[in-house]
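**Q** Those protein sequence lines, which keep their order, are chains B and X.
For the first sequence, counting from 1, position 164 maps to 197 in the working numbering; every step adds exactly one.
For the second sequence, counting from 1, position 40 maps to 73 in the working numbering; every step adds exactly one.
Check each hint, because a few of them may be wrong.
As the list claims (entries may be wrong) - Chain B is faced by these chain X residues, among others (derived, beta-carbon under 10 Å):
no., residue
1, N52
2, L79
3, N80
4, H87
5, L115
6, R321
7, S328
8, S329
9, R333
10, G390
11, P391
12, G394
To be verified - Over 10 Å on every C-beta distance to chain X, these chain B residues come out as not near it, computed from the model:
no., residue
13, A71
14, D108
15, F172
16, W200
17, L273
18, A444
Treat the hints as calculated values from the structure; they're not laboratory data.
Keep in mind the model is a prediction, meaning the values are calculated, not measured.
Every residue gets a Cβ at the ideal spot worked out from N, C-alpha and C, and that includes glycine.
There are 2 protein chains.
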Amino acid sequence: MRCEILNIGEELLNGTSVNTNATWLCGRFAHLGARIVAVTMVGDGLNDILAAFHAAAQRADFVVVTGGLGPTSDDRTKEATLRYFGGSLVPVESEIERIRRLFADRGLPLTERNIEQGYVPDTCTPITNPVGTAPGMEFKSEGRIWLFLPGVPAEMKALVDQNIHRWFTDAESGKTFVADEIMVIGVGESFVADRIAPWQAQLPAHLALAYLPSAGLVRIRLSCFSEDAGHDRLLIRSELQKVLAIFPGEAFYTAMEEWNHHFYRVLHQQNISLSVAESCTGGYLAHRITSVPGSSSIFRGGVVAYHNDIKTELLGVPATTLERHGAVSRETVEQMAFAVRSRFRTHMGVAISGVAGPDGGTPEKPVGTVWIAVADNLGVEKAMFLMGTDRIRNIEKSAVMAMKMVLNRLATAR
Amino acid sequence: MRCEILNIGEELLNGTSVNTNATWLCGRFAHLGARIVAVTMVGDGLNDILAAFHAAAQRADFVVVTGGLGPTSDDRTKEATLRYFGGSLVPVESEIERIRRLFADRGLPLTERNIEQGYVPDTCTPITNPVGTAPGMEFKSEGRIWLFLPGVPAEMKALVDQNIHRWFTDAESGKTFVADEIMVIGVGESFVADRIAPWQAQLPAHLALAYLPSAGLVRIRLSCFSEDAGHDRLLIRSELQKVLAIFPGEAFYTAMEEWNHHFYRVLHQQNISLSVAESCTGGYLAHRITSVPGSSSIFRGGVVAYHNDIKTELLGVPATTLERHGAVSRETVEQMAFAVRSRFRTHMGVAISGVAGPDGGTPEKPVGTVWIAVADNLGVEKAMFLMGTDRIRNIEKSAVMAMKMVLNRLATAR
Numbered sequence: 034m035r036c037e038i039l040n041i042g043e044e045l046l047n048g049t050s051v052n053t054n055a056t057w058l059c060g061r062f063a064h065l066g067a068r069i070v071a072v073t074m075v076g077d078g079l080n081d082i083l084a085a086f087h088a089a090a091q092r093a094d095f096v097v098v099t100g101g102l103g104p105t106s107d108d109r110t111k112e113a114t115l116r117y118f119g120g121s122l123v124p125v126e127s128e129i130e131r132i133r134r135l136f137a138d139r140g141l142p143l144t145e146r147n148i149e150q151g152y153v154p155d156t157c158t159p160i161t162n163p164v165g166t167a168p169g170m171e172f173k174s175e176g177r178i179w180l181f182l183p184g185v186p187a188e189m190k191a192l193v194d195q196n197i198h199r200w201f202t203d204a205e206s207g208k209t210f211v212a213d214e215i216m217v218i219g220v221g222e223s224f225v226a227d228r229i230a231p232w233q234a235q236l237p238a239h240l241a242l243a244y245l246p247s248a249g250l251v252r253i254r255l256s257c258f259s260e261d262a263g264h265d266r267l268l269i270r271s272e273l274q275k276v277l278a279i280f281p282g283e284a285f286y287t288a289m290e291e292w293n294h295h296f297y298r299v300l301h302q303q304n305i306s307l308s309v310a311e312s313c314t315g316g317y318l319a320h321r322i323t324s325v326p327g328s329s330s331i332f333r334g335g336v337v338a339y340h341n342d343i344k345t346e347l348l349g350v351p352a353t354t355l356e357r358h359g360a361v362s363r364e365t366v367e368q369m370a371f372a373v374r375s376r377f378r379t380h381m382g383v384a385i386s387g388v389a390g391p392d393g394g395t396p397e398k399p400v401g402t403v404w405i406a407v408a409d410n411l412g413v414e415k416a417m418f419l420m421g422t423d424r425i426r427n428i429e430k431s432a433v434m435a436m437k438m439v440l441n442r443l444a445t446a447r
Numbered sequence: 034m035r036c037e038i039l040n041i042g043e044e045l046l047n048g049t050s051v052n053t054n055a056t057w058l059c060g061r062f063a064h065l066g067a068r069i070v071a072v073t074m075v076g077d078g079l080n081d082i083l084a085a086f087h088a089a090a091q092r093a094d095f096v097v098v099t100g101g102l103g104p105t106s107d108d109r110t111k112e113a114t115l116r117y118f119g120g121s122l123v124p125v126e127s128e129i130e131r132i133r134r135l136f137a138d139r140g141l142p143l144t145e146r147n148i149e150q151g152y153v154p155d156t157c158t159p160i161t162n163p164v165g166t167a168p169g170m171e172f173k174s175e176g177r178i179w180l181f182l183p184g185v186p187a188e189m190k191a192l193v194d195q196n197i198h199r200w201f202t203d204a205e206s207g208k209t210f211v212a213d214e215i216m217v218i219g220v221g222e223s224f225v226a227d228r229i230a231p232w233q234a235q236l237p238a239h240l241a242l243a244y245l246p247s248a249g250l251v252r253i254r255l256s257c258f259s260e261d262a263g264h265d266r267l268l269i270r271s272e273l274q275k276v277l278a279i280f281p282g283e284a285f286y287t288a289m290e291e292w293n294h295h296f297y298r299v300l301h302q303q304n305i306s307l308s309v310a311e312s313c314t315g316g317y318l319a320h321r322i323t324s325v326p327g328s329s330s331i332f333r334g335g336v337v338a339y340h341n342d343i344k345t346e347l348l349g350v351p352a353t354t355l356e357r358h359g360a361v362s363r364e365t366v367e368q369m370a371f372a373v374r375s376r377f378r379t380h381m382g383v384a385i386s387g388v389a390g391p392d393g394g395t396p397e398k399p400v401g402t403v404w405i406a407v408a409d410n411l412g413v414e415k416a417m418f419l420m421g422t423d424r425i426r427n428i429e430k431s432a433v434m435a436m437k438m439v440l441n442r443l444a445t446a447r
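Extracted from the complex, chain B is given alone in its bound form (with noise of 0.2 Å):
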């Protein structure tokens, strides 16, 4: 299926709002197995929004369109369908006595504008959304299927939840999809592609191989229409099975969550409870770990110990440490993992101290340089690793590499 994703809406090109819609429909579509041939954003002219109906159409079977459904006179993506289509609008009662039930519990003043978000060409059907006044629009046009979707994220993920089996139902007939996917931590993307190589090319002709980079880690998933999902299920998991001996204590198994969301599942089913002690990373990994919902079962706290007092005064790194071996060295974050953990009364304590850079680096300890430190009851891990010149860059590496060990370190030590 070839699929593409089209985006209207003026606020897309001015530089401030990054295209987050986007990104998600490309994972969920890709992860069904479509193909994505290619996303387009434009304002909200007439023109340019035919134009790019008339684009897609040149290029995709499935086009996926978000935004210009709202109320206001900026919006105009159902008059383009108008022109595009043809038709006429009509009122569908259901889902306008649904924008009065809305209305009427929010307590707000009910306009024209907000019932004409219940008219809708009589070329298409309907799509009832769940969370939000304007409701989508499916068309069948030329062996083609146009989805229209509002723009408000939430409205639009809840849309696509609730049909997107139907729609790759409809277009597959009837086969199951079945995906699944390991990580892989701290690996370049090419050398990851060297090492996979010989796997690949043993891989059975009907499993498609996808590969999805991302700051410190590469996603590996295989995926397949399937007439026997059971079947092709235990395939791919043991296929992965290999993937995963090729990288030992680099990759991981799972279970297509996130990395954010695998990470906090993993120490929350061992119950295991953590704290951090932050140099270079300011807050990024207390950041990460915390940005799921429900962490702070697995999650105490952390320090941020930017300035080299703090080490000394909260965490009791000794001041005779920093002078002869320097914030960062595996001296210090040794010190601090140990520290942290007790401070905090944690099974485990993070450390990292580092030069995110671009300024602070020296011969010895270039830009880059990052030194990470896993504290538990039997012991501490170390690394130090190499980055780049890229402040942010190191910043995410750093924290998915500090992830990475207190994993490991779960696995193996205990």
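Fit chain X to the known structure of chain B by using the hints.
**A** Just chain X, lined up with the frame of chain B:
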């Protein structure tokens, strides 16, 4: 100037990497007054790339293309330019020499493929890449300017920053671009729009108004292409002064800097040191502060007091305060702010405690309730906010509101 951004790369379509290049380029070009008419992302297929060239030529007179200039077989952009603009590959001796030096400096072996990066179509003007191997390319065709840039963000940005003013002067026949902006913090977008409507109605016609919202803040920017830059610069400043007066304590003149950088610069200039005690934001405020290079001059560190025990043990919040008023209360954040200020010996201490969600709300303190306090030698400022139900957005907004309270405290109390 009608501008299109075209990003090439399979990795943009698989749902794991957000296309930050597009956002950055939109910001840079919109900043200089260009009207971005579309952003398109396509994969590495030659036909997809060529179709995207044709679509861009339909709607834009300035096309910026990123990606696909690397040395591997899935980098097809250069091949596409030969098909589209004609010509044949020729070596550019200065670029090949530069690539040789780059590899020699890094002690890496030079392959034929690397040298091929120094070949470009003889129909283009090469643009030296100050930080990487692949040069950029500039084509002029049918009155349109086409720029081809590497996809690696650091290389792309360096190349743009070195050349952007030249491109814009070419395109706008020598007029000078003048722009300036303010930021409104913590006021919803529609409320901002309502409050500036009368001011907007009296704006001189040659000034363009842009209105750039993101989590917790709205940027209001005025710009023009000017024949008398000195005069228009003063005019824009005086118009922005009027907007500042509409939003006392809520709007900031930021000299076109990002919010994090503005925050850093103000504290740095006033020689103020800061520490933070975070509960619901879990390290995110510290992360924002430390994302700015040089932030160690204003930031000594912080405590992520996620568990209540930590609030008592590390920050000395009495257990009775937590029992009587709860962790999310005026009393608790006040004591956290004073405690972190004194423990870290900083001019100011900031504390945040709230219910980020999605769980943990009560009828008295629903999800989205956040208390923030800012303490200094003169006392403490505190405020309660009722935010939404989205965990990540609540975390982001809380950090931005805390930074606003710090700047207000500096402006008024000292």
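**Q** Determine which of the earlier numbered hints do not hold for this structure and return their numbers in increasing order.
**A** 2, 5, 12 and 13
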